[in-house]
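Trainee: In case you want the letters, here they are:
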Amino acid sequence: MMQVRDFRCRVTARGQVVEITNRSDRGVGHRFQYQNQAFSSFVRELHQRLLPFQKSVQFRSGHAWYFRLAAAAGALTAVIAPFRLASYEDHLAFGIATYLSAVIGLWVTAARLRPRNYPPKDIPATLLPAGEDHGGVVA
Amino acid sequence: MVTVDAPTYEFHQPKLWGSLVVRCTLDDGALIVVVDGNPSPRFSY
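Chains as they are written, first to last, in my numbering: chain S, 248 to 386; chain W, 32 to 76.
Next up, chain S with everything else stripped away, as it sits in the complex (with noise of 0.2 Å):
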């Protein structure tokens, strides 16, 4: 199965922070290189590592700010956008179907970057990526 999606996985101990992705980009011109075994077995084995300390140490998911923006965006496009729909009087049925695909969309965004706190034992199968390794999309 390719996948297609970018996971990171960010480290962070006494204000040091470090962020990996399993998608390598070197820049226009170059294909993008997912590499989603050697990410997933990374993360398995510092999880693992982590284990015997897993009362100090916060597993979390999600992303805080970006999470605020898609909620914001998804309640700010769920109060406005009916207001618009009058603009789409010849074409309602159109304007229905944005809307909702709009705001299912926001709300499906936002329930993945909440963030929540997870077991390092059982990391959950959404916070990895499945599958081979890929050449992906050409940047």
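Since the hints were made in silico from the structure, they are not lab data. The structure presented is a predicted model; accordingly, all values stated were derived computationally and were not measured. Any given hint might turn out to be false.
[Said to hold, decoys possible] A few chain S positions that, by computed beta-carbon distances, are all more than 12 Å from chain W:
#1 G262
#2 E292
#3 F300
#4 F314
#5 I327
#6 A344
#7 L347
#8 L360
#9 P371
[Said to hold, decoys possible] Derived Cβ-Cβ restraints for the label pairs, each shown as a range:
#10 W:P38 x S:H338: 53 to 61 Å
#11 W:S75 x S:Q280: 27 to 35 Å
#12 S:R363 x W:A61: 34 to 42 Å
#13 S:P299 x W:E41: 35 to 43 Å
#14 S:A340 x W:W48: 39 to 47 Å
#15 W:T56 x S:A349: 41 to 49 Å
[Claimed, not checked] Some chain W residues near chain S, calculated using beta-carbon distances under 7 Å:
#16 V64
#17 N69
#18 F74
No residue lacks a Cβ here, since even glycine has one placed at the ideal position from N, Cα and C.
Please build the complex by placing chain W on the supplied structure of chain S, with the hints as guidance.
Mentor: What follows is chain W alone, placed relative to chain S:
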């Protein structure tokens, strides 16, 4: 000092444009990170 057989992984760190090469070594007692060949943080555990 890094343990000889410590698992090392090479990834990329996202930037606004492109990415940086990040080498992560899971040594005994610490995650050693080298970003673009430069000395970088060491995360002890």
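Trainee: Next step is simple, just say for each hint if it's right about the structure.
Mentor: Hint by hint, here is what the structure shows:
no.: 1; hint: G262; result: 9 Å, violated
no.: 2; hint: E292; result: 6 Å, violated
no.: 3; hint: F300; result: 6 Å, violated
no.: 4; hint: F314; result: 18 Å, holds
no.: 5; hint: I327; result: 29 Å, holds
no.: 6; hint: A344; result: 34 Å, holds
no.: 7; hint: L347; result: 32 Å, holds
no.: 8; hint: L360; result: 16 Å, holds
no.: 9; hint: P371; result: 20 Å, holds
no.: 10; hint: W:P38 x S:H338: 53 to 61 Å; result: 57 Å, holds
no.: 11; hint: W:S75 x S:Q280: 27 to 35 Å; result: 30 Å, holds
no.: 12; hint: S:R363 x W:A61: 34 to 42 Å; result: 27 Å, violated
no.: 13; hint: S:P299 x W:E41: 35 to 43 Å; result: 26 Å, violated
no.: 14; hint: S:A340 x W:W48: 39 to 47 Å; result: 41 Å, holds
no.: 15; hint: W:T56 x S:A349: 41 to 49 Å; result: 44 Å, holds
no.: 16; hint: V64; result: 5 Å, holds
no.: 17; hint: N69; result: 12 Å, violated
no.: 18; hint: F74; result: 5 Å, holds
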